[in-house]
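A.B. asks: The primary structure of each chain is shown beneath.
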Amino acid sequence: MKRMTRILVFSAMLIILFSALSSVAAEDRFPRPEFQSEYELPSTTAPSPQDNLFSYIDTAVLIILLILTSYFALKMRTRTGIFICSLFSLIYFGFWKKGCICSIGSIQNIALALFSNTYVIPVFVALFFALPILFSLFFGRVYCAGVCPFGALQDLVAIKPLTLPRWVENTLGIFPALYLGLSVLFAATGSGFIICRFDPFVGLFRFGATFEMFITGGIILLIGVFIARPYCRFICPYGVLLKWASALSRWHVTITPDECIQCKLCENTCPVGAIRAPSPALEVEKREVGVKRLVILFLILPFVMAGTGLFFSTISHVFAQLHPQVQLTAQVLKEDRNITRTTTDASDAFRATGISLDTLLNQTDHILSQFHLGAGLFGLYTGLIIILAIVKTSVLRKRTGYEPDREACVSCGRCFEVCPKEQVRRKKGKEHG
Amino acid sequence: MEKNKMNRREFFKKGLQALFGLAIAGTTGFSLFKTSATETVWQIDPDICIQCGRCAENCVLSPSAVKCVHVYSICGYCDLCSGYLRTDPKELSTGAENRLCPAGAMTRRYVEEPYYEYVIDESLCIGCGKCVKGCSAFGNGSLFLQIRHDRCVNCNECSIARECPANAISRISSRNPYIMKGAKI
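For the protein sequence lines, the chains are X and D, in the order given.
Residue numbering for the first sequence follows our numbering, beginning at 755 and increasing consecutively.
Residue numbering for the second sequence follows our numbering, beginning at 844 and increasing consecutively.
Because the hints were derived from the structure by calculation, they are not lab data.
Check the hints yourself; a few may be wrong.
For the chain D half of the interface with chain X, some residues (derived, Cβ under 8 Å), not all of them [stated by the list, open to error]: (1) Leu-859; (2) Gly-864; (3) Thr-871; (4) Thr-878; (5) Ser-879; (6) Thr-881; (7) Ser-905; (8) His-913; (9) Tyr-915; (10) Ser-916; (11) Glu-1000; (12) Ala-1009.
We treat Cβ as the ideally placed atom computed from N, Cα and C, and that holds for glycine.
Just need the whole structure built from these sequences, with the hints factored in.
C.D. replies: Here is the structure:
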């Protein structure tokens, strides 16, 4: 009996010893040398990242530029001031800070932070997201005018802007809202930041971009010579949020504080086609007709939303393909079912971790169900956006003079410079001063 | 009648204004629960890294912000270094044809019999991880890849993290911006 226990103890000790030996990391394959000479171990350098202080400086610059641009646009009414702000932001946020982080991209950080349990964002990212929208809620899209480096770059190249037909502008204008929805969907599900991935200008700011980025950036800038600010008007997802805020803004840029003499000069000079003519004296259509159309539109709204929602939730697996883990699962399953013989680095790396296939499948199922819900919500949102775009075209606003459309106007201030009434006002101001 | 209509429109606008303001404030406020006072930076976990070589190609910088790092306290100071020499060298010499590093960034120096010191010139290193692969396969693993923060521009979406097949790159606190091996020793 005694002997039995002794053997047991001995074998247990052997097992412990062996398990300890096998867990010895690769770090101990070769013993560390004991030097005879006076050799000192060199230390490994670890250059530290940029100090947190700089992000406070960035936030301060953002706030100062927002205040200055608002002041120049609404109070001083000077295009020069706005232009200087935008140039400064192009140099500072663009070429100096290399474009990261920007308010446009921050949408995704916010979305991921809201939906992920582990992702945290620094405070300044939240500020970069919220402050321009806050300013837009009070002063209109001043961020686009003087603070956004993308806007500044495109404003510089807008040499010969043409006027687009309104229907083209309205139709293409739906795209940014959809892009916003998509980028939130992909960020929230952890598939990636598509705004950053398809960012056309950041390569320019870094003086080094992939070939595709150079091509897309170049094309957008080329188009921007004739169609001013193409990114802002037809792509920018952050611009959508600013648009909505600006539509409700407390104050907004006016072409002239005096009475409009309807000379049309401002309409011709606006690069983004944001100036609306005064409403015609005669009634275009009977009020009842318009009201009826509006009622019909709101009645079909739930059906359209349900339709698009259903459509996108049924094709949610197409969206899910962008998620790296969904790709990995597809590859692993292909290998297991002998459909393909070539393994990828990702599948090799997954097998090396020793995580079971069931765990992977469970996680992927969870991601797919998230996509199912997310794509459905995106569908509802798409339906809403399309109907609202139609509603917008059928609402008649009463205007006595030429006015900027609060959603489309980026507060660039070009209209001040050509307005004859504004010139008179400035002269008067100088004589009095 | 006319006055009433204006009021309704004003009321509508005020309501939407408040709603939108609240929505933005709510979103930001809620995300503020998940903010950290310190910033985060991208870093490679050397224990997960499979040295596939994508770091050298996919960084927005050229050459990449990823460099090979050497922790000397783990190094065995071998003469026959599997991170320095090819697996099938023509002869055991320091000739370029026998060396693993394609950029010639690794140099070796005689310390004392039989030990050699290996030093990486970061200005030449392209972060391909060839030496790392050799060292982890046959050596102590004292060589590993790290994102160097004097070079990294901290993109919002790191393009090498996106391409990493092993998911080894993630954001970590900028207070401890490196995941060094042998830190406990």
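A.B. asks: Could you run down the list of hints and mark each one as holding or not?
C.D. replies: Evaluation of the provided hints:
The closest approach between the C-beta of D/Leu-859 and any C-beta of chain X is roughly 5 Å, which is under the 8 Å cut-off, so the hint is satisfied. The interface hint given for D/Gly-864 is met, as the beta carbon of that residue sits about 6 Å from the closest beta carbon of chain X, less than 8 Å. With 8 Å as the threshold, the beta carbon of D/Thr-871 comes within range of chain X, its nearest partner Cβ sitting at about 4 Å, so the hint holds. Among the interface hints, the one on D/Thr-878 holds; its C-beta lies about 5 Å from the nearest C-beta in chain X, closer than the 8 Å criterion.
With a cut of 8 Å, the hint placing D/Ser-879 at the interface with chain X holds, because the nearest CB-to-CB distance is about 5 Å. With 8 Å as the threshold, the beta carbon of D/Thr-881 comes within range of chain X, its nearest partner Cβ sitting at about 6 Å, so the hint holds. Annotation: D/Ser-905 was flagged as interfacial toward chain X, and the flag holds, the nearest CB pair being 6 Å apart, inside 8 Å. A cut of 8 Å between beta carbons decides the hint on D/His-913: the least distance to chain X is about 6 Å, and the hint holds.
The beta carbon of D/Tyr-915 is positioned within 8 Å of a beta carbon in chain X (closest approach about 5 Å), and the interface hint is therefore held. Annotation: interface hint on D/Ser-916 holds; nearest CB of chain X at approximately 6 Å, less than 8 Å. Interface hint at D/Glu-1000: satisfied, since its Cβ lies 4 Å from the closest Cβ of chain X, which is below the 8 Å cut-off. A least Cβ separation of about 4 Å between D/Ala-1009 and chain X falls short of the 8 Å threshold, and the interface hint therefore holds.
When held up to the earlier numbered hints, the structure conflicts with none and fits them all.
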